[in-house]
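Spelled out from the first residue to the last, the chains are:
Protein chains: 2
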Amino acid sequence: MTSITVLSGGVGGATFLRGLLHGVRRGLLPGADRDAEVTVVANTADDIWLHGLKVCPDLDTVMYTLGEGIDPERGWGRRDETWSAKEELAAYGVEPTWFGLGDRDLATHLVRTQMLDAGYPLSQVTEALCRRWLFPTYGDSLRLLPMTDDRVETHIAIADPDSPSGRRVVHFQEYWVRLHAQVPAEAVIVVGLEDSSPGPGVIDAITDADLVVVPPSNPVVSVGTILGVPRVREALVAAKAPVVGLSPIVGGTHVRGMAHQLLTSLGVEVSAAAVGLHYGARTAGGVLDGWLVDTVDAATVDRVREGGLRCEAVPLLMTSPEATAEMAAAAVALVS
Amino acid sequence: MTSITVLSGGVGGATFLRGLLHGVRRGLLPGADRDAEVTVVANTADDIWLHGLKVCPDLDTVMYTLGEGIDPERGWGRRDETWSAKEELAAYGVEPTWFGLGDRDLATHLVRTQMLDAGYPLSQVTEALCRRWLFPTYGDSLRLLPMTDDRVETHIAIADPDSPSGRRVVHFQEYWVRLHAQVPAEAVIVVGLEDSSPGPGVIDAITDADLVVVPPSNPVVSVGTILGVPRVREALVAAKAPVVGLSPIVGGTHVRGMAHQLLTSLGVEVSAAAVGLHYGARTAGGVLDGWLVDTVDAATVDRVREGGLRCEAVPLLMTSPEATAEMAAAAVALVS
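Heads up: the protein sequence lines correspond to chains A and B, in order.
Okay, so the first sequence: first residue is 37 according to my numbering, each after it adds one.
Okay, so the second sequence: first residue is 37 according to my numbering, each after it adds one.
It is possible that some hints are incorrect.
Note that identical chains are pooled: a pair holds if it fits in a single copy or bridges any two copies.
Here are the computed lysine to aspartate or glutamate pairs in the DMTMM-like style, where the Cα-Cα straight-line distance is at most 25 Å [as the list claims (entries may be wrong)]:
(1) K90 to E348
(2) K276 to E358
(3) K90 to D153
(4) K276 to E104
(5) K276 to E109
(6) K90 to E342
(7) K276 to D107
(8) K276 to E305
(9) K90 to E123
The hints are simulated quantities; they were obtained by calculation from the structure and are not laboratory data.
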């Protein structure tokens with residue numbers, strides 16, 4: 037196995053990727069070369085323009101995490117961060133004030149925005165940023181690809197009794213960061229998704245891979261949006277490689293983040309089995325061959341298998357790169 | 037006297053303005069009401085686009101100085117500044133690295149750039165920024181006007197033996213900040229100046245003032261560029277109010293900044309008298325009625341007077357707002 041492709045969201049995907057890379061480089065993944073190429077297709081639907089700057093939270097979380105620049109406490113943003121610009125923007129009374137735009141982080145958005153303004157597509161901008169963060173350690177063996185170069189932004193419809201329509205639509209970041217997903221999501225509206233095209237290399241990365249992994253990322257607003265880019269789902273269905281996923285739901289709750297309201301808005305039960313079956317078996321028009329659930333969800337393995345998926349229960353808490361590498365190894369083993 | 041207009045550059049002009057306002061509000065200026073309106077027409081020719089952001093050093097220095105946000109040690113930029121974004125931009129290898137773009141300062145440029153992108157002219161953007169910095173203290177009695185809403189940028193031609201032409205043209209900020217004006221300026225080229233228009237309120241501020249003051253700012257790249265905006269020089273010549281200037285040159289050297297090379301490039305001798313005569317007497321087609329020189333330059337008073345200007349020698353070192361207020365009072369007295 038010389039090439040692995042991972043469809044990633046932000047914190048969950050990045051944490052998984054760190055463990056996967058740990059496992060690959062140490063020869064812990066059955067059948068995988070130590071120098072196997074890893075390609076990350078990252079969600080960009082939670083991107084947002086803030087203060088005139090293009091912010092790509094998932095791309096940056098993956099980049100900072102794998103480049104050792106992430107703040108380990110928060111799991112997002114830069115370590116040793118300062119917040120002077122944020123304070124000043126608030127002092128000017130400029131909205132929004134709820135987004136955590138750190139000063140170090142700001143430099144990334146400045147470079148990105150200036151390159152976008154100069155006409156470079158997001159994929160090339162991302163490659164340029166990764167020359168700093170990933171290339172020194174991984175060379176060409178790790179690639180970070182935006183799912184699309186097009187502008188795609190997830191919005192969430194929430195109830196709003198003060199609105200004539202009874203609802204209000206907010207950007208996903210506002211729902212997530214300001215509202216902490218504490219109000220029910222009535223609908224998830226991914227603006228621009230249907231008209232988007234896969235970013236350069238995305239389809240090939242799926243078609244040519246020896247293994248495709250769906251990490252424990254948010255199934256709605258991270259993996260779900262990647263799958264919604266035209267031709268991506270079809271590429272997964274047709275891929276020669278096995279496709280294996282790891283449940284972000286452990287014991288009926290999301291390990292990180294807040295998937296409940298979002299799953300509920302799709303009518304999907306908040307359980308490891310239901311999410312696996314929501315992705316579905318490739319033999320039945322879905323995108324997966326195998327689905328790993330946590331040991332606490334062992335009782336649901338049979339239900340998943342009945343849906344046509346290989347399934348095992350293993351510990352799925354990403355407590356360390358070593359533990360996460362074991363999860364990755366179990367995922368590989370499941371579909372080998 | 038109910039209205040005073042000041043043509044200002046950055047640090048020198050801002051320091052003078054602080055003293056002038058101190059004097060006005062305490063009734064120390066002969067004939068001036070304590071609630072006299074002060075209008076600042078600020079140089080914008082040293083503006084620069086950096087990392088996709090519009091930076092206006094002179095406007096910001098005036099705004100931060102009068103709004104008590106300036107770093108008192110450096111004389112420019114924000115107090116309690118942090119430099120995280122600058123470090124990160126350098127880590128990305130993004131040029132230029134020599135400009136001191138602090139994190140707090142960055143917020144100002146973000147707000148400004150976003151407003152400019154939204155279509156607001158620089159004058160309205162400046163007014164919006166001043167709502168934070170000046171309005172709480174001064175209300176409508178202090179206005180900060182960019183000399184023009186048009187893009188005007190000063191460039192300096194310097195000798196460069198490696199260039200086929202033997203010279204190279206650099207932005208004024210590069211000459212000033214990176215090269216510390218340590219190489220001779222062969223020419224000052226103010227791109228866009230001839231085609232610029234005075235900003236809203238600029239001509240009226242000169243025409244309707246009871247007093248116009250040229251503070252001890254750089255006569256070439258600060259006051260010189262303001263005078264170069266079409267119709268500004270004519271408005272000064274025709275103004276009903278007296279126009280009085282204070283020498284930035286004390287004892288043959290510039291008190292702050294580095295005017296030598298710039299004056300030399302214009303063929304102007306580096307002396308208090310020569311700068312006053314370079315501005316010239318309104319009775320002889322110039323823009324001044326009076327010119328204050330420092331006591332160390334007392335011997336040159338007669339030479340200035342022979343050029344048609346009123347002239348006195350008083351202490352011109354702006355060591356405190358009080359000392360500066362006395363300078364302002366002497367300037368008023370000179371032309372009253």
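Structure-based check of all given hints:
1. K90 to E348: neither (40 Å within a copy, 56 Å between copies)
2. K276 to E358: For K276 and E358, neither the intra-copy (29 Å) nor the inter-copy (81 Å) Cα distance is at most 25 Å.
3. K90 to D153: Both: 10 Å inside a copy, 14 Å across copies.
4. K276 to E104: neither (33 Å within a copy, 66 Å between copies)
5. K276 to E109: For K276 and E109, neither the intra-copy (39 Å) nor the inter-copy (66 Å) Cα distance is at most 25 Å.
6. K90 to E342: neither (44 Å within a copy, 61 Å between copies)
7. K276 to D107: So K276 and D107 fail the 25 Å test inside a copy (37 Å) and across (62 Å) alike.
8. K276 to E305: neither (30 Å within a copy, 80 Å between copies)
9. K90 to E123: both (19 Å within a copy, 20 Å between copies)
Hint check: violations occur at hints 1, 2, 4, 5, 6, 7 and 8; the rest are consistent with the structure.
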